[in-house]
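S.K.: Here are the chains, one letter per residue:
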Amino acid sequence: MRIVHYLNQFFAGVGGEESAGMPLDSLKGAVGPGRLFEQLLGDDAKVLLTLVCGDNYAVENQEEMVAAAVQRIREVKADLVIAGPCFQAGRYGMAAGALCAAVQSQLSIPVVTAMSEENPGTDLYREMIYIVDSGTNAAKMRDVAVMMMNLAQKLVDKIPLGLPKEDGYFRRGFIRDRFVEQTAGQRLVDMVMAKVKGEPFESEMVPTTFSPVRMPPGVKDLSQAKFLLITDGGLVPKGNPDKIQGSAATRWGSYNIEACDNLKGEDYEISHGGYDPQFVRQDPDRLVPLDVMRELERAGAIGEVYEEFLSTSGLANPLSNTRRMGREMAEKAKQLGIDAVILTST
Amino acid sequence: MQLTLEIHPIENIQFGDSTRLQGTTLFVDADDLRRLLLEDTSLIGVEFDIAQPGESCRAGPVFDIIEPRAKGPDSSPDFPGILGPPHTAGFGTTHVLEGAAVTMLREKSPGDSRGATGYVLEMSGAPAAGSRYGSLHHLIIIPHTKPELPDHAQQKAYRLAGLRAAVYLGRAAFNHSPPSSVTFDAIDPPAKDRDGLPRVAYVGQIFSRQRKPELDEQILYGIGTDGMLPVPLHPDEWLDGAVLPSYHTSLGGAETYFYQNHPVITELYRRHQGRELNFAGTVATIASANNFDRERNCRFASNLVRSVLKADAAILTKFGGGVPHTDLSETARLLETVGIKTAVQVTDLARDHKVESALLFNFSEVDAIVCVGGNSTSWRVARAERVIAASPELKEVLTGPLEMESLNVIGVANQQGASRLRAMVY
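Sequence lines, in order, name chains A and B. All residue numbers for the first sequence refer to our numbering, where the first residue is 1 and numbers rise by one. All residue numbers for the second sequence refer to our numbering, where the first residue is 347 and numbers rise by one.
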């Protein structure tokens, strides 16, 4: 097993804060914790290269440092990259995380690092890479190294990892099903009774928090405003020309309504498996309210309705899809100089 | 209110010249049962088959699975509001053929989010091990309805045939003394010496109004939930035929069998018997079609749990797809705000297998969550030696080998509390 190990100046034994500005350097063979890694992985494992960089240099020149490090890792044809352990050293954690993430995505080889939960690198990179929970105590180097090498060996051998708790890494947020002994009914009663008794319990799912969306300023003059209608109710012209999927849609479409005073059921169909579409089928204006928008347009209450409406299907869709489609739609609205958007859902 | 379940274990089903129980073998007179089912003129024919645990056998698309049960004399009716008058369920004696099932098939693939196979009954291999239904002895009914029958009438015919067959078979236990019987400790009022145990309630969604029920659909005592408000039910009403699942397979994960053997209710009863808690009762509710209804329904449900059931804690389960999580979590949130502890059951509907997409609500109070997975489990199943379906086309679809998602194997991702799948976070 060919290993490259990344260390900061301190753990490489170069120096403390006074050496934090040192640029990326590479040393032959194992240094510091690297020797422990070799020992734990056995004879077959060799640290070919130890990359060392000062903490300040690494965060101030992150892109450059990472690119140079990736290049050296590529050159030595490494099978595994290890960074740290970083414990609670914040700059070290950020650099180790950035390097591991880049190596994984560019070279597709296993990477392992370790940090404490408080380390800012943990929050930034835990979803992308495996980060072993090192705690904050650097005296536990050996225990942490054991966990890191156990994980590394599994990754190299492509053995499925255990749960975060079992294998000592921070939850990355992947879901895999497992059959368990107890039925959901039994688990529910256990959980509620633990809660009643004030005993600890483990929720099987954790909520996601989202950063709040800032409320934009109001439209200054509606009578001059250009409106765009967008729906995720799956309204598409007959034949579904863009083949927008009725569930977990990856596409959205723009459909002309220029010459149209209101939408007719016979011209449209619905690609959405999550609601009862009969009422929208009867009158699509119930979903995309073109009829009332036209009235407002004629009355001069609004400026104009843009000549197309945008549509996709909002059912069982992963956030990665919806984020991308949302950005694409917002980009389009921006390019068209749209002042106001009416979004309708089901 | 007192219900006695007389339990007759079944270890084999065979066709025979009379319908009878002999030891643990249930003999079925197919001609006699056919005559009974064909009294419904919507049906022009029925076929029967038997599927045993461990057999290389696959059947589908499944409409419903029902445990054969029959009410004794001087008891509440069989499936009140549907087969009998809408009298309160849960009184008297119920003869239970434990280990047996009536499995009602459909004539065509539902073709919605359950795909071409619909729900499949799998009798061997890993999928069978993941479902309670894989260990039961099934009498499978293959219906043939009159041509040109509208969908709702067709499905009503399936419903009635399945229930009638289940009662017919259950009656084979009449005049047999059961090896065991179950009578639950009364919950209402609880015995004086049970004071101080936490009172735990169950709030179960029985339908999701994200769909309109079909015309004549019979969900609660024969009604389709139109205009329904949350309603308190005695637990025995659920177990004894008051509640049935919807025809809509896209709102899947519920079968009559697991109302009769409701996993949450039976577990609460077990711990009630064990004096770990006082079972406070249940509320049947629906997931709403819009926010206005949701506000009203969630408040009604939480008020009933608080003021009528006087519970300290509640377990909530949902029915259907994504939207019902909103009603579920809002009801739980309302309960938590008045100090009633909750645990809720959810399903993961997103297909990216990521935590960020999994949960459809985020209330800090609603923090005890059981997550039945299903989305990331599938099996490559082998060609089945025997395929039971209503047409050659369906048989071909089901024969295999094929890729079978756990959501399509009936019972695996059950939403009534029977699932042993758990979404693990890595």
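Please keep in mind that the hints were generated in silico from the structure rather than gathered at the bench. Be a bit skeptical, because a hint or two may be false.
To be verified - Have a look at the derived ranges for each label pair, beta carbon to beta carbon:
1. A:P120 / B:T683: 28 to 38 Å
2. A:K243 / B:D375: 29 to 39 Å
3. B:A728 / A:L163: 28 to 38 Å
4. A:P120 / B:K538: 36 to 46 Å
Nothing here was measured: the structure is a model prediction, and the numbers come from that model. A virtual CB, placed ideally from N, CA and C, is assigned to each residue, including glycine.
S.K.: Give a verdict on every hint.
M.R.: How the hints compare with the structure:
Evaluation of the 28 to 38 Å hint for P120 of chain A and T683 of chain B yields a pass: the beta carbon distance comes to about 35 Å. Look at K243 of chain A against D375 of chain B: about 52 Å separates their beta carbons, and that is not inside 29 to 39 Å. Range check, A728 of chain B to L163 of chain A: Cβ separation about 31 Å, and the 28 to 38 Å hint holds. Hint check: P120 of chain A to K538 of chain B, Cβ distance near 59 Å, so the stated range 36 to 46 Å is violated.
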